[in-house]
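Asker: The lines below spell out each chain.
Number of protein chains: 2
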Amino acid sequence: MQLRRILMNIVLLESQEILGKTVHLEGRRAQHIVKVLRSNPGDEIRVGCINGNIGYGVIIDTNPRQPYFVVMEISLEYSSEPPPPIDIVLALPRPIMFKRILSHTAALGVGSLYVVNASRVEKSFWDASVIQENFYRKHLVRGLEQAVDTRLPSVSFHRGFKPFVEAILPGITSDYRNLLLAHPGNQSTLSDIFSKQPGRTLLAIGPEGGWIDYEQKRMQEAGFSIFSIGPRILDVETAVTALHSMVSLLSSTTRN
Amino acid sequence: MQLRRILMNIVLLESQEILGKTVHLEGRRAQHIVKVLRSNPGDEIRVGCINGNIGYGVIIDTNPRQPYFVVMEISLEYSSEPPPPIDIVLALPRPIMFKRILSHTAALGVGSLYVVNASRVEKSFWDASVIQENFYRKHLVRGLEQAVDTRLPSVSFHRGFKPFVEAILPGITSDYRNLLLAHPGNQSTLSDIFSKQPGRTLLAIGPEGGWIDYEQKRMQEAGFSIFSIGPRILDVETAVTALHSMVSLLSSTTRN
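Chains as they are written, first to last, in the numbering used here: chain V, 1 to 256; chain R, 257 to 512.
So here's chain V without its partners, still in its complex pose (with noise of 0.2 Å):
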């Protein structure tokens, strides 16, 4: 499959590829480390373990053609940042579109994703290969190479939105200081309602047209309110970036 070029930042690890010290890669991280970083035995890169600690790797050998292959020792003591307080609720977008919102999300920093359907999500989407974890997964890691993080975002899928909201919501809306709903038109805007005491965020983000009028009935009745970014209509690529930005913006200048 054709992978988004992204910068790697960061070379990450398997958990089980870590055997005492010492790692022996092979493929896309060997080939980015001897072509791209051009490491040689003694150099020293920056390695992390998914959900675990950030460090480095002293590289003891390398083969610079292919095939590539690199083994280094590595000392992972330092735990990654913790991501911004931003967990989302998306109504399943159009594949190609998600595989790159999976990206931007792991980049920007998310606990939690919760895709869900909606009346506007075409039934289609619900068969692409990319809402299995195998497939998703990597769009994720895509991201944190890119930002440097080792913590993947939690990822669940919802096919049912009444189940979601009956079922999944009482269970964590009391986990949030902020539940949000984005939806084009004149409501309030996102600073007129966030409140920027210390709390995590649920922000929910609707499907290209938006959410229909029961779903917004019931998200509120699920305690959301429901705010606008504008008369701007955003798709939802950029939408997801521009609102968890703005959420984490506000959220870093709360009151403590």
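Derived by calculation from the structure, the hints in this document are not laboratory data. One should not assume that every hint holds.
Think about it this way: if two alpha-carbon atoms lie no more than 30 Å apart in a straight line, the pair counts; the simulated DSBU-like pairs of lysine-lysine are [stated by the list, open to error]: (1) V:Lys196 with R:Lys452; (2) R:Lys291 with R:Lys277; (3) R:Lys473 with R:Lys418; (4) R:Lys291 with V:Lys123; (5) V:Lys123 with V:Lys138; (6) R:Lys473 with R:Lys379; (7) R:Lys452 with V:Lys35; (8) V:Lys35 with V:Lys21; (9) V:Lys162 with V:Lys21.
Position chain R relative to chain V; hints supplied.
Answerer: Just chain R now, kept in the frame of chain V:
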């Protein structure tokens, strides 16, 4: 050329396509009107004139089969919303990413986009066809069609960093309340340095890998303040949307 699929939330016309009040469309926009909007004679649709007014068109005649065509009578009575008070200096990105950034910035709304050279811009990027107006303009138009706007950002290209700093910047910096340069690291945050007095912001965004020290120094001498949005490293495409959104949020809460 393959163009990214963007929802056409408004049908945009070139001024020379408008003959009195009647417009005759073929191709992509005619197909959108008959196949996606499923408009029939008598229906009204939202239309606008690029760099002009917004209004509606009444469908007079269509051919719902290939070759698609649409005849409509238009009325353009409203001016489009002013864009956020933001202009951007952008180090020329990789061409495939630049196309998406052009659409994103037109959708988010900017006045001027100054595309400049920088030490970490690959020289080959300047050979890309997308820096010619007949190529890049269509990506801007797609962003306006998404966002329901008619105002094209003004785009200029500056192949020399030093001439841009020495000959262009001195003539424009006094137009801005905020001159901001984004750089990863441990500088001040955006909230720390942003002046909420009314006025425009000129936001400078570097290449993958960031501005080099010399470039930062020259931009500081030209009046720019350096800020960071934290330890996470974003790709340029995500950074443009994220930074625009944060500045837009801060600008919308200015003291009046």
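Asker: If a hint holds in the structure, say so; if it does not, say that too.
Answerer: Hints versus structure:
1. V:Lys196 with R:Lys452: Holds, because 19 Å separates the two Cα atoms, which is no more than 30 Å.
2. R:Lys291 with R:Lys277: 24 Å, holds
3. R:Lys473 with R:Lys418: Holds, at about 12 Å.
4. R:Lys291 with V:Lys123: 19 Å, holds
5. V:Lys123 with V:Lys138: 24 Å, holds
6. R:Lys473 with R:Lys379: 22 Å, holds
7. R:Lys452 with V:Lys35: 46 Å, violated
8. V:Lys35 with V:Lys21: 24 Å, holds
9. V:Lys162 with V:Lys21: Given that 30 Å is the threshold and the Cα spacing comes to 48 Å, the pair is violated.
Violated hints, in rising order: 7 and 9; the structure is consistent with all others.
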